[in-house]
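Q: Start from the sequences and build out the full structure, keeping to the hints where you can.
Residue numbers (our numbering), protein chains in the order written: chain A, 1 to 165; chain B, 166 to 261.
Honestly, I wouldn't trust all of these hints.
Label pairs and their in silico Cβ distance ranges [stated by the list, open to error]:
#	chain 1	residue 1	chain 2	residue 2	range
1	B	Ala180	A	Ala108	17 to 27 Å
2	A	Thr119	B	Leu213	52 to 62 Å
3	B	Val216	A	Pro43	29 to 39 Å
4	B	Val168	A	Glu69	54 to 64 Å
5	B	Gln183	A	Lys88	14 to 24 Å
Anything over 10 Å on all C-beta distances counts as not near chain A; from chain B, calculated [claimed, not checked]:
#	residue
6	Leu169
7	Gln170
8	Pro182
9	Leu185
10	Ala199
11	Ala231
Read the hints as simulated data drawn from the structure, not as lab findings. Values in this document were obtained by computation on a predicted structure and should not be read as measured data. A virtual CB, placed ideally from N, CA and C, is assigned to each residue, including glycine.
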Amino acid sequence: MEISLASYTELKAPVRTVEEVDLLLRDLRPWLFRLALAITTRPDSAEDAAQEALIRAAKSRHKLTSVQEPRAWLRTVVVRCALTSISKITPERLIDQEIHRDPTETLAVRQILDRMDPTDRVVLALSHFEELSYAEIADTLGIPVGTVGSRLHSARESFKREWTR
Amino acid sequence: MDVLQQFYDGCHSVAVPQSLVLNTTRSRTWLGFAIPVAGILAGGILALLIVMLPSNPSSQIGDEMARALANSQMRSQPDVGGSDHARHLGARKWTA
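A: Encoded structure:
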């Protein structure tokens with residue numbers, strides 16, 4: 001699942017040093033984790049996804065020196081890592097976490113999100129957590145803008161239906 | 166839908182785990198290290214076994230049997246060598 005930097009590289013000359021890339025990655029670390037958490041809804045899965053994204057970024061740090069918008073590249077990376085992390089959640093692990101849940105509103109939201117399709121969760125997270133435009137979500141996920149609109153609408157409807165049940 | 170937005174707003178203030186670090190040497194895929202090491206060890210053991218085992222055990226046993234047979238045949242043959250003959254001639258000369 002290698003994410004090409006080509007589409008994100010617009011400048012031929014480096015705009016920052018490798019040390020600056022490292023500093024940037026350190027600064028973006030909390031954001032990476034929280035975005036992953038918004039998608040996965042689980043701290044352990046979010047940590048896995050964020051760590052994987054950081055490892056990939058560290059491997060590509062020399063290339064990141066000439067990327068104009070490293071945050072956009074990292075967003076795509078962490079979204080994909082989060083989706084992979086969701087797919088690794090086994091039923092046993094889900095059951096284990098269900099046992100330890102407590103009946104707060106936040107966890108009730110999380111339970112509904114857990115039951116939703118991961119691609120719907122990603123669109124919701126990018127829209128509500130990242131507050132991205134349809135075009136930015138489309139760029140991040142590599143899907144048409146029209147698909148973003150329909151997917152977001154169906155995801156919201158799906159959530160509303162489950163919440164009012 | 167307010168509850169959904171509240172959930173995502175809440176995500177902004179969640180504490181980041183201390184274990185989440187930017188470390189270029191850190192790798193979660195420990196198998197990437199373990200598999201090559203196990204491969205090298207297995208290869209070494211296999212090479213050692215190949216060196217220690219005789220190249221053709223059946224022919225070596227055959228050689229040893231042939232050598233043992235030859236030795237036993239040599240011991241069973243009568244001594245008609247020159248030494249006894251010379252002693253015999255010497256005795257005749259002496260008596261003559």
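Q: Decide, hint by hint, whether the structure agrees.
A: Results of checking the hints against the structure:
The hinted window of 17 to 27 Å between Ala180 (chain B) and Ala108 (chain A) holds, with their beta carbons roughly 21 Å apart. The hinted window of 52 to 62 Å between Thr119 (chain A) and Leu213 (chain B) holds, with their beta carbons roughly 53 Å apart. Range check, Val216 (chain B) to Pro43 (chain A): Cβ separation about 53 Å, and the 29 to 39 Å hint is violated. Roughly 32 Å separates the CB atoms of Val168 (chain B) and Glu69 (chain A), a value that falls outside the hinted 54 to 64 Å.
Between Gln183 (chain B) and Lys88 (chain A) the beta carbon distance is about 23 Å. The supplied range of 14 to 24 Å therefore holds. At roughly 6 Å, the least C-beta separation between Leu169 (chain B) and chain A is not larger than 10 Å, which violates its mark as non-interface. Non-interface call for Gln170 (chain B) relative to chain A: violated, since the shortest CB-CB distance, roughly 6 Å, does not exceed 10 Å. With 10 Å as the threshold on Cβ separation, the claim that Pro182 (chain B) sits away from chain A is violated: the shortest Cβ distance comes to roughly 5 Å.
Under the 10 Å C-beta cut-off, the non-interface status given to Leu185 (chain B) relative to chain A is violated; the minimum distance is some 6 Å. For Ala199 (chain B), the condition that its CB be more than 10 Å from all CB atoms of chain A holds, with the nearest at approximately 18 Å. Against the 10 Å criterion, Ala231 (chain B) stays outside the reach of chain A, whose nearest CB is about 65 Å from its own CB.
When held up to the earlier numbered hints, the structure conflicts with 3, 4, 6, 7, 8, 9 and fits the remainder.
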